[in-house]
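Those protein sequence lines, which keep their order, are chains A and B.
Take the first sequence: its letters are residues 1 to 272, numbered as in the numbering used here.
Take the second sequence: its letters are residues 1 to 272, numbered as in the numbering used here.
Any given hint could turn out to be false.
Claimed, not checked - Only pairs whose alpha carbons sit at most 25 Å apart, straight line, appear in this in silico SDA-like list of lysine to any residue:
#	chain 1	residue 1	chain 2	residue 2
1	A	104	B	120
2	B	16	A	133
3	A	102	B	108
Said to hold, decoys possible - Now the stretches of chain A that chain B is said to cover, found in silico as 3 or more residues with beta-carbon under 8 Å:
#	segment
4	101-109
5	117-130
If you are wondering where the hints come from, they were derived from the structure by calculation, not from laboratory data.
The model shown is predicted, which means the values in this text are computed figures rather than measured ones.
Using N, Cα and C, we set each Cβ at its ideal position, and we do this for glycine too.
Protein chains: 2
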Amino acid sequence: MKILTTIEELRDIRKKINSSIGFVPTMGALHDGHISLIKKAREENKIVIVSIFVNPTQFLPGEDLDAYPRKDEADKKICNMCKVDYLFMPQISSMYTENEIKVKAPNTSYVLEGFSRPGHFDGVLQIVLKLFGLVLPTNAYFGKKDAQQLSLITQMVKDFFLPINIIPCEIVRETDGLALSSRNVYLNKKQREDALLISKSLYAAATLIAKEQRDVEIIKDKIYDIMQKLEVEYVAIVDREFNEVSKIDLNNTIILIVARFGNTRLLDNIWL
Amino acid sequence: MKILTTIEELRDIRKKINSSIGFVPTMGALHDGHISLIKKAREENKIVIVSIFVNPTQFLPGEDLDAYPRKDEADKKICNMCKVDYLFMPQISSMYTENEIKVKAPNTSYVLEGFSRPGHFDGVLQIVLKLFGLVLPTNAYFGKKDAQQLSLITQMVKDFFLPINIIPCEIVRETDGLALSSRNVYLNKKQREDALLISKSLYAAATLIAKEQRDVEIIKDKIYDIMQKLEVEYVAIVDREFNEVSKIDLNNTIILIVARFGNTRLLDNIWL
Numbered sequence: 001m002k003i004l005t006t007i008e009e010l011r012d013i014r015k016k017i018n019s020s021i022g023f024v025p026t027m028g029a030l031h032d033g034h035i036s037l038i039k040k041a042r043e044e045n046k047i048v049i050v051s052i053f054v055n056p057t058q059f060l061p062g063e064d065l066d067a068y069p070r071k072d073e074a075d076k077k078i079c080n081m082c083k084v085d086y087l088f089m090p091q092i093s094s095m096y097t098e099n100e101i102k103v104k105a106p107n108t109s110y111v112l113e114g115f116s117r118p119g120h121f122d123g124v125l126q127i128v129l130k131l132f133g134l135v136l137p138t139n140a141y142f143g144k145k146d147a148q149q150l151s152l153i154t155q156m157v158k159d160f161f162l163p164i165n166i167i168p169c170e171i172v173r174e175t176d177g178l179a180l181s182s183r184n185v186y187l188n189k190k191q192r193e194d195a196l197l198i199s200k201s202l203y204a205a206a207t208l209i210a211k212e213q214r215d216v217e218i219i220k221d222k223i224y225d226i227m228q229k230l231e232v233e234y235v236a237i238v239d240r241e242f243n244e245v246s247k248i249d250l251n252n253t254i255i256l257i258v259a260r261f262g263n264t265r266l267l268d269n270i271w272l
Numbered sequence: 001m002k003i004l005t006t007i008e009e010l011r012d013i014r015k016k017i018n019s020s021i022g023f024v025p026t027m028g029a030l031h032d033g034h035i036s037l038i039k040k041a042r043e044e045n046k047i048v049i050v051s052i053f054v055n056p057t058q059f060l061p062g063e064d065l066d067a068y069p070r071k072d073e074a075d076k077k078i079c080n081m082c083k084v085d086y087l088f089m090p091q092i093s094s095m096y097t098e099n100e101i102k103v104k105a106p107n108t109s110y111v112l113e114g115f116s117r118p119g120h121f122d123g124v125l126q127i128v129l130k131l132f133g134l135v136l137p138t139n140a141y142f143g144k145k146d147a148q149q150l151s152l153i154t155q156m157v158k159d160f161f162l163p164i165n166i167i168p169c170e171i172v173r174e175t176d177g178l179a180l181s182s183r184n185v186y187l188n189k190k191q192r193e194d195a196l197l198i199s200k201s202l203y204a205a206a207t208l209i210a211k212e213q214r215d216v217e218i219i220k221d222k223i224y225d226i227m228q229k230l231e232v233e234y235v236a237i238v239d240r241e242f243n244e245v246s247k248i249d250l251n252n253t254i255i256l257i258v259a260r261f262g263n264t265r266l267l268d269n270i271w272l
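Extracted from the complex, chain A is given alone in its bound form (with noise of 0.2 Å):
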């Protein structure tokens, strides 16, 4: 494995890349989510890219910027292990300049993840749409667990025409349920333990469902019931376009879940 850590060396490399490039754009503190989307791009492609960089401008202010965990020589082995042909971890300033021209999320968008982290979108798309110019894959690999951001990325290749295949990935869970995400190490031991509710509700949801239960309400109601001892920002049933849906279609539903556990947002959701 190669570690690339300029924009000149990357675009050296790829000009001399004429096959199949898999590409996982990540911030870093690779866990089995991450290890996942690898091992599929180094299934389907001749070559495999791997970006870490911790985006400033998906941040807003007060957010966790500064403490995200960095956990580089980890990582570098994880991706050696994972046979990863080269890791791209740019500086800051290669990748930002000053009044740069942006990337703007719609207002449709302003839902969900895009209300309570207003802007954060924005600063996703830039940084997908700089490396993507950079990397130029032929397949781009994304979990499921942000799934608003993968909505949007695929959005954002098919309204630019880019030539990219967007390819989402299933969410990997530790053995009791939790979906893996590199902010759990914020959670203590109690937040932990019960950080466990989120999965378990959405559990309940789909056994509910595979019930014949369609009714979003009844569902949401299991689902508040289960959580009620946590501080959920936000339950929705929503379409593959984010638009909250008032009856479940077992082809196009996704159950998103956020809760708080002090300054830490947990994700979660099941697509249907």
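We have chain A; now place chain B onto it with these hints.
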């Protein structure tokens, strides 16, 4: 020459091209200025692609979107004569959807044209990014007449790390000096005569500068003096980043003029 009217046709053809592509995006009503871009593209690339698309998002409410000259048949002949390989003429409905992810020009661009036409450059950048995504050109050709547009497109390619060379091309003029523009057809006989004062004042400025004059105010006075009977919107002497300068730098100065003739705005400039 093959005419492509759908995105699918363009994509199919693009996939099969492995050689250099010169791209000339236009809004049609082609004149000798466009032809000079196409000729340069023809000289420098294996494949030449021209697009004709009157882009609605770069017109402000009340501007001349509906009146903008359409000359599809003449344009096709011109492209054919210039040995264009592919002429792309898409429908509006295939280029845009509802609630799109947008490109946003920086606040620093809200001077000169950006001040007179707020939002105009957002629309320009949006369509150029889309066309770049579809055509994936090696080289893209833009005239210096739209100096600020050229500067922003060059910036977009840098900011988003697009693997495209932007090739600036010289302004082409009528024999009497008037800079070519698709909007010149809006001028009546009197306006067409008066419009000559624009290039005349630019030549006078160039002559002063050749005689070692470096004082911006003296040069502006000369320009305004020659254009005193015109409705001048602005005269600006700027550096390559479009910051106004107080002293002429022979390697880094652009003199820009915009004058109005009824509803018609004419732009002209010289790059020192």
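Hint check:
1. Simply put, residue 104 of chain A and residue 120 of chain B have alpha-carbon atoms about 16 Å apart, close enough for the 25 Å limit, and the pair holds.
2. Straight-line distance between C-alpha atoms of residue 16 of chain B and residue 133 of chain A comes to about 21 Å, which keeps the hinted pair within the 25 Å bound.
3. Distance check on the hinted pair: residue 102 of chain A and residue 108 of chain B sit about 12 Å apart at the alpha-carbon level, within 25 Å; holds.
4. Taking a C-beta to C-beta cut-off of 8 Å, the segment 101-109 of chain A contributes 8 residues in contact with chain B, enough for the three needed, and the coverage statement holds.
5. By the rule of at least three residues with a Cβ nearer than 8 Å to a Cβ of chain B, the coverage given for the segment 117-130 of chain A holds, with 3 such residues.
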